[in-house]
Amino acid sequence: MPGSRWGPWDGRCRTCGGAGPFGPQSRICNPCKSRRQQERYAANPEPYRARARAADRELRTTDIEAARAKVRKNVGAYRERHRERLAEEARQRRYDPAWRARYLGPNRAMGAVRRAIQDGLLKRPTTCTACGGLGPIEAAHQDYSRPLDVRWLCRPCHRQWDAAVPKTRK
56 MPGSRWGPWD GRCRTCGGAG PFGPQSRICN PCKSRRQQER YAANPEPYRA RARAADRELR
116 TTDIEAARAK VRKNVGAYRE RHRERLAEEA RQRRYDPAWR ARYLGPNRAM GAVRRAIQDG
176 LLKRPTTCTA CGGLGPIEAA HQDYSRPLDV RWLCRPCHRQ WDAAVPKTRK
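So the numbering used here is basically just the index in the sequence shown, starting at one, shifted up by 55.
These are calculated hints, taken from the structure and not from any lab test. Some clues are possibly wrong.
Said to hold, decoys possible - Within a straight-line C-alpha distance of at most 25 Å, the following computed DMTMM-like cross-link-like pairs (lysine to aspartate or glutamate) qualify:
1. Lys-178 <-> Glu-135
2. Lys-222 <-> Asp-198
3. Lys-128 <-> Glu-113
4. Lys-125 <-> Asp-204
5. Lys-178 <-> Asp-151
6. Lys-128 <-> Glu-101
7. Lys-128 <-> Glu-143
8. Lys-128 <-> Glu-144
9. Lys-222 <-> Asp-151
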């Protein structure tokens, strides 16, 4: 940055005097910014928690069909923009043994659930079985070798459950 109201900038952090790295248009290095954010949160966490609760509440009360349509539109646009790169990555993954060992079971289980829903064998509920909230409801697997044995959870509950319960990847 050339000179501004603080005078010419010497390329050093205003907080610690270090040489960076810096974000765009910033005179405070990234570690100092991170530390400042953590201190602000520690001093007064309630606004941050309120914002997170509001986001969760919005996710749970969103019109499900409108949310699904928005996701489909955004995913389609992303795939269109990155078609070549995604195709190349898919070709590379197909033959990678590490990728197959990690993702083949979960991918097969998710595909089985998707086909079961399309065929009418499973019905996706409109509310989360854990909290009763609305929003995008996901099929959560405990054991990928039993693909149709699922719990129907909203995204926040699914993330919490995934963190708390270990999965089997067969």
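- Is the straight-line distance between the alpha-carbon of Lys-125 and that of Asp-204 25 Å or less? At roughly 28 Å apart (the allowed maximum being 25 Å), Asp-204 and Lys-125 break the hint.
- Task: Compare the distance between the alpha carbons of Lys-128 and Glu-113 with 25 Å, and conclude whether the hinted pair is satisfied.
- Result: Since the Cα atoms of Lys-128 and Glu-113 sit roughly 20 Å apart, the hinted pair holds (cutoff 25 Å).
- When you check the alpha-carbon spacing of Lys-178 and Asp-151, does it fall within 25 Å? Judged against 25 Å, a Cα distance of about 34 Å means the pair is violated.
- Query: When you check the alpha-carbon spacing of Lys-128 and Glu-143, does it fall within 25 Å?
  - Reply: This hinted pair holds, its Cα atoms lying about 22 Å apart.
- Lys-128 and Glu-101: Cα distance at most 25 Å? 34 Å, violated
- Mind checking the alpha carbons of Lys-178 and Glu-135 for me, to see if they're no more than 25 Å apart? Given that 25 Å is the threshold and the Cα spacing comes to 30 Å, the pair is violated.
- Task: Measure nothing beyond the straight line between the CA atoms of Lys-222 and Asp-198; if it is 25 Å or shorter, mark the hint as holding.
- Result: Given that 25 Å is the threshold and the Cα spacing comes to 6 Å, the pair holds.
- Message: Check the hint pairing Lys-128 with Glu-144 against an upper bound of 25 Å on the C-alpha distance.
- Response: 22 Å, holds
- Within 25 Å, alpha carbon to alpha carbon, are Lys-222 and Asp-151? 22 Å, holds
Hint compliance for this structure: hints 1, 4, 5 and 6 are not met, and every other hint is.
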